[in-house]
Amino acid sequence: AQSVAQPEDQVNVAEGNPLTVKCTYSVSGNPYLFWYVQYPNRGLQFLLKYITGDNLVKGSYGFEAEFNKSQTSFHLKKPSALVSDSALYFCAVRDMGGSQGNLIFGKGTKLSVKP
Amino acid sequence: DAGVTQSPTHLIKTRGQQVTLRCSPKSGHDTVSWYQQALGQGPQFIFQYYEEEERQRGNFPDRFSGHQFPNYSSELNVNALLLGDSALYLCASSLGTGREYFGPGTRLTVT
Numbered sequence: 727a728q729s730v731a732q733p734e735d736q737v738n739v740a741e742g743n744p745l746t747v748k749c750t751y752s753v754s755g756n757p758y759l760f761w762y763v764q765y766p767n768r769g770l771q772f773l774l775k776y777i778t779g780d781n782l783v784k785g786s787y788g789f790e791a792e793f794n795k796s797q798t799s800f801h802l803k804k805p806s807a808l809v810s811d812s813a814l815y816f817c818a819v820r821d822m823g824g825s826q827g828n829l830i831f832g833k834g835t836k837l838s839v840k841p
Numbered sequence: 031d032a033g034v035t036q037s038p039t040h041l042i043k044t045r046g047q048q049v050t051l052r053c054s055p056k057s058g059h060d061t062v063s064w065y066q067q068a069l070g071q072g073p074q075f076i077f078q079y080y081e082e083e084e085r086q087r088g089n090f091p092d093r094f095s096g097h098q099f100p101n102y103s104s105e106l107n108v109n110a111l112l113l114g115d116s117a118l119y120l121c122a123s124s125l126g127t128g129r130e131y132f133g134p135g136t137r138l139t140v141t
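Heads up: the sequence lines are chains A and B, in that order.
Positions 727 to 841 (the working numbering) are the ones given, in order, by the first sequence.
Positions 31 to 141 (the working numbering) are the ones given, in order, by the second sequence.
Heads up, a few of these hints could be off.
Below, a list of computed lysine-lysine pairs in the DSBU-like style, where the Cα atoms sit at most 30 Å apart [claimed, not checked]:
#1 K840(A) / K43(B)
#2 K836(A) / K748(A)
#3 K43(B) / K833(A)
#4 K56(B) / K833(A)
Keep in mind the hints are simulated off the structure, nothing from the lab.
Remember, predicted model here, so these are calculated numbers, not experimental data.
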């Protein structure tokens, strides 16, 4: 069965420093991986996805993610963090067992960026 | 172009009651999925509707049921509410196998 793990409940970063939010996955077959962000009292906003191709995926708001097949990881990164990046981040994998494939989410990582 | 909309924003129900949540998909989308996000957890897939039929279902009891209308909007019904049903319920829409767009969610509190 497909699954994702986000090993850190919270990540603290100073504004202007690089940030990394970790995600590892377990899938059978080729992974379809996603990152979403959730601000308080809001739904999920799509950041980026990996389906195939270049291992470095660029997304919204300056975020990028690196797909590493050998380490089964899909870490989210940003070169310079902003206070406004503080939010809850979810990694997800598409479950290809169904005809459409629903999303399977990690438990989330709270990112806190301090001025 | 309106995105995914959900109603109501919040509601409070008592144990044993029934609740109906509503979702209007993004314009042009034909597939609607529902997720439950308990406090401190990631969203969990409930079910997905396409062409007015339930196409996929997650690990949720039969108390959770849904419907999709000809205009692609959808309802989530939960019967015999339990305290553990308190959560943020998210609706997501997509076109075919395209990526999902999420609505703002409905916060359900069961007392």
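Tell me the hint numbers this structure goes against, listed in increasing order. 1
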